[in-house]
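One letter stands for each residue in the lines below.
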Amino acid sequence: MTYIALDHWDLAIAAGLLVINAGLSIAYGLGLERKLAFAALRMVVQLTLVGLVLKALFAIHSPWLTGLAAMVMVMFAGREAIARQERQFSGLWSYGIGTGSMCVAAMLVTTFAVLTQFEGIAWYEPRIAIPLLGMILGNTMNGVSLGLDRLLATATAERAGIEARLMLGHEARDAMNGAMRQAMRAGMIPTINAMAATGLVALPGMMTGQILAGVEPEEAVKYQLLVMFLIGGGTGLGVFAAVMLGSRRLIDGRDRLRLDRLRAID
Amino acid sequence: MLDVRNLTRPGLHPVTLNLGVGDCAAITGPSGAGKSLLLRAIADLDPSEGVVALEGTDRMAMSAPAWRRQVMYVPAESGWWASRVGAHFADRDAAAGFLGRFDLPADALDWEVSRLSTGERQRLALIRALALAPRVLLLDEPTSGLDKEATARVESLLHEHLATGAAILLVTHDERQAARLSPRGYRIEAGTLTEVEDWSHGAGRNA
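Read top to bottom, the protein sequences are chains Z and F.
The first sequence begins at 1 in the numbering used here and counts up by one.
The second sequence begins at 267 in the numbering used here and counts up by one.
To be clear, the hints were calculated from the coordinates, so they are not data collected in a lab.
Keep in mind that this is a model prediction, so the values were computed, not measured.
C-beta: ideal position from N, C-alpha, C; glycine also.
There's no promise every hint is true.
[What the hints assert, rightly or not] Some, not all, of what chain F presents toward chain Z, calculated at C-beta under 8 Å: (1) L311; (2) A330; (3) P331; (4) M338; (5) Y339; (6) W347; (7) L398.
[To be verified] Far from chain Z, by Cβ distances over 10 Å, these chain F residues were calculated: (8) M267; (9) V270; (10) H354; (11) T384; (12) T417.
Let the hints inform the model, and build the full structure from the sequences given.
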């Protein structure tokens with residue numbers, strides 16, 4: 001098979017499908033047409049820009065620029081992760097905890113992958129490091145966001161039960177145990193489900209893309225497996241770090257539950 | 267035994283009071299005046315400033331859980347974290363000893379929390395605390411969900427608990443109960459605690 005380049009007309013025709021969606025939204029009064037159009041437009045602009053940035057990065061091939069691009073990606077992921085949360089820590093804590101744990105997990109796993117899986121290339125090889133980081137970051141962001149959201153929601157909803165344990169002299173980390181476990185499960189389950197369903201229910205986008213671009217299926221599968229393992233590892237580390245840090249922030253040195261450190265987002 | 271000196275937090279003006287061995291003091295006042303804020307501050311459940319000490323030992327000299335095991339707050343509506351009643355008791359035997367005295371059947375520990383009535387919850391929460399034998403009980407409306415008979419029973423058990431050398435700080439809206447249980451009374455209004463001078467003549471006479 002050979003690689004078939006797409007031209008702009010191919011994309012425009014595919015985008016026509018969204019126009020049908022928008023039409024349905026208008027016909028049934030769903031009120032989604034503006035959001036749909038805006039999201040699609042955002043995607044086109046963002047991906048086009050990313051394509052240009054990647055092209056430049058690959059051409060310049062500098063460790064500094066690769067590192068800078070990675071930092072920018074992490075910061076956007078952090079902003080995106082907290083924007084989805086119903087409850088947040090006041091101040092910069094939500095951003096710090098979310099971004100910090102994502103950053104550590106994604107960087108660790110990406111570096112690990114680059115160093116162990118792609119021998120003979122530099123760690124900053126942008127053609128490998130940046131797409132990998134993007135994949136891992138996207139999924140870790142989901143996990144961290146879900147985990148933190150569940151942690152804060154559970155601690156708020158089960159305040160009476162948690163404080164009852166504190167009143168009886170239990171340590172805060174024991175009192176928080178239930179909420180932390182729920183949060184870690186909430187953060188990890190999408191990744192576990194995705195691994196279980198991959199290949200049967202859905203063909204992963206990355207693998208599909210590679211096959212469409214002319215790569216042999218077995219090779220595409222191997223890359224997909226690698227990416228899924230990295231995603232699983234990154235998400236697990238990120239969720240664990242975020243939930244541990246988040247629950248630390250929810251309690252204080254005198255084993256109190258500090259819901260006053262949250263602000264509600266409506 | 268319990269010394270509170272200049273204890274303050276947002277919503278509460280500096281409070282000074284002390285409880286001796288076997289002592290009970292009652293606090294009355296309108297809702298929102300700061301009664302629960304005060305009890306929570308003494309139990310170190312919210313940040314506060316001032317000195318709180320048990321038998322001369324400042325609470326900061328021990329871990330917060332150790333402090334709360336000895337100075338135990340029981341709110342009007344206690345929380346539950348497991349689905350069965352029994353899971354909330356560290357020592358089931360100690361708990362079982364109290365059940366009959368609170369008019370609860372011996373199998374109450376196997377009940378589901380979601381099926382408890384308000385009165386059952388309130389009594390079980392009190393047993394949960396009493397079974398741990400704290401030195402000081404901070405009780406917030408301990409009989410608000412109980413009928414007259416059950417209230418009398420709880421009061422007599424609290425009298426017994428005092429006789430073992432414990433102390434109780436009692437918040438209640440019921441001035442007669444305050445007078446029955448406590449020889450001393452305080453009133454709290456808009457975050458300010460004052461001792462009621464003619465307690466035995468005023469509130470006490472209505473008992």
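Status of each hint after checking the structure:
1. Taking 8 Å as the C-beta contact cut-off toward chain Z, the hint placing L311 (chain F) at the interface holds, the least distance being around 6 Å.
2. Look at A330 (chain F): its Cβ gets to within about 4 Å of chain Z, closer than 8 Å, so that hint holds up.
3. A cut of 8 Å between beta carbons decides the hint on P331 (chain F): the least distance to chain Z is about 5 Å, and the hint holds.
4. A least Cβ separation of about 6 Å between M338 (chain F) and chain Z falls short of the 8 Å threshold, and the interface hint therefore holds.
5. Hint status for Y339 (chain F) relative to chain Z: holds, with the closest Cβ pair at about 5 Å, below 8 Å.
6. About 4 Å separates the beta-carbon of W347 (chain F) from the nearest beta-carbon of chain Z, less than 8 Å, and the hint is met.
7. Interface restraint check for L398 (chain F): the shortest CB-CB distance to chain Z comes to about 7 Å, inside 8 Å, so the restraint holds.
8. A cut-off of 10 Å between C-beta atoms confirms that M267 (chain F) is not in contact with chain Z; the least separation is 18 Å.
9. Non-interface status of V270 (chain F) relative to chain Z is upheld: no Cβ of that chain comes within 10 Å, the nearest being about 17 Å off.
10. Listed as a non-interface residue, H354 (chain F) fails to keep its Cβ farther than 10 Å from every Cβ of chain Z; the least gap is roughly 8 Å.
11. Annotated as non-interface, T384 (chain F) keeps its C-beta farther than 10 Å from every C-beta of chain Z; the closest such distance is 14 Å.
12. Against the 10 Å criterion, T417 (chain F) stays outside the reach of chain Z, whose nearest CB is about 22 Å from its own CB.
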